[in-house]
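Read in order, the letters of the sequence shown are residues -22 to -1, 1 to 278 in mature numbering (1 follows the signal peptide of the UniProt record, and there is no 0).
Worth flagging that the hints you see were computed from the coordinates, not collected in a lab.
For each residue, glycine too, the CB sits at the ideal point set by N, CA and C.
Where hints are given, some of them may not hold.
[To be verified] Capping the alpha-carbon separation at 20 Å, the derived lysine to any residue pairs in SDA-like fashion look like this:
| # | residue 1 | residue 2 |
| --- | --- | --- |
| 1 | 241 | 196 |
| 2 | 259 | 278 |
| 3 | 201 | 272 |
| 4 | 211 | 169 |
| 5 | 262 | 230 |
| 6 | 211 | 237 |
| 7 | 241 | 275 |
| 8 | 259 | 219 |
[As the list claims (entries may be wrong)] Estimated spans, in silico, between C-beta atoms of each pair:
| # | residue 1 | residue 2 | range |
| --- | --- | --- | --- |
| 9 | 240 | 146 | 48 to 58 Å |
| 10 | 53 | 121 | 51 to 61 Å |
| 11 | 229 | 145 | 49 to 59 Å |
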Amino acid sequence: MLAGAALGAGAAVLLLPGAAYADNCGSMSDCYYTARAALAALVGLSVLFGVLLSIGLDFVPVVGTVKGVIEAITGKDLITGQELAWWERLLGIVPVVGGIAGVAAGISKGARAIDDVADLGRAVDRAADAAEAARDAERAAEAAREAERAAEAAREADRAADAAREAERAREAERAAEAARDAHQRDLGMDPATGRYRAAEGETALRVEDATGVELSRSTDPKVDWVDNATGKTYDAVGNFPSRHFDQQWPNLQTRIVDHLAKADYVPVDVSQFTPDQIAKVQKFITDNGLAPRAFLVGN
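All chains, full assembly: derive it from the sequences and hints.
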């Protein structure tokens, strides 16, 4: 009978966790505590069964006496393994009062078994409480993780919004700079003598500013094109015509470079539309005649 109880307990160890996991588990910790509670209950029943079996053997002639002698020597119940009080050990070896002794010892053992089962019940309750506490902790942890994910999503949205605003500000600044450059180019290309806008002169003026780093304004003197706002130096440009006209205009271009140097501090030669060979030819003319640095190339 004891072997059957042990076998039942072993089967419970193998089967109960799976069943608990299938029906009652929200997580692995739930499975563990549920299976442990079930096993504790089974062990309690096994202990109670062992106590009843021990009491029954106490009433069997000869067997009860032999059992009592062994228990008196070892100090433990032969079936359940419980520690025996001195008077229980003594009653077990008194044949005259065998029946009464068996009953008395059985009552004592049963009381202890009931206490053991009660302890197991309390252990089951504690296991259930622990399982619920574990579930509460898991729910709290998941809530914290969810809150952190929501906070990170909000931060990411804020970063995206900030990046979008920054990009829009950059585009607005770029558009404003382009508009200011266009307006400045138009001012530099406006001929005060005729009141007409000369696009080629405006383009050349911006190339001069880019090449030298100066800031120009349109000259009120019709003899020159622009004035350096910082130094008052004057600029009078030549060139900025298509390369196909270069051979025809080359003699005139040389004359104009020299003439413009007579009336302006600097003469920019706009070669932006010339071929590399034509640009080299203009640069050689300036170098050979010692016209640099007052005469210089832009747009090359």
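Hint-by-hint comparison with the structure:
As the CA atoms of residue 241 and residue 196 are separated by approximately 16 Å, the hinted pair is consistent with the 20 Å bound. With a CA separation close to 13 Å, the supplied pair residue 259 and residue 278 stays within the 20 Å bound. For the given pair, residue 201 sits about 17 Å from residue 272 by alpha-carbon distance, which is consistent with the 20 Å threshold. Straight-line distance between C-alpha atoms of residue 211 and residue 169 comes to about 19 Å, which keeps the hinted pair within the 20 Å bound.
Pair hint residue 262 plus residue 230 holds up; C-alpha atoms about 16 Å apart against a cutoff of 20 Å. At roughly 17 Å between alpha-carbon atoms, residue 211 and residue 237 fall within 20 Å of each other, so this suggested pair holds. For a cut-off of 20 Å, the pair hint linking residue 241 to residue 275 stands: about 18 Å separates their Cα positions. The suggested pairing of residue 259 with residue 219 holds, with an alpha-carbon distance near 15 Å, which does not exceed 20 Å.
At about 52 Å, the beta-carbon gap between residue 240 and residue 146 stays in the expected band of 48 to 58 Å. For residue 53 and residue 121, the Cβ-Cβ distance of about 55 Å falls inside the hinted range of 51 to 61 Å, so the restraint holds. At roughly 54 Å, the beta carbons of residue 229 and residue 145 sit within the given window of 49 to 59 Å.
Hint check: no violations occur; every hint is consistent with the structure.
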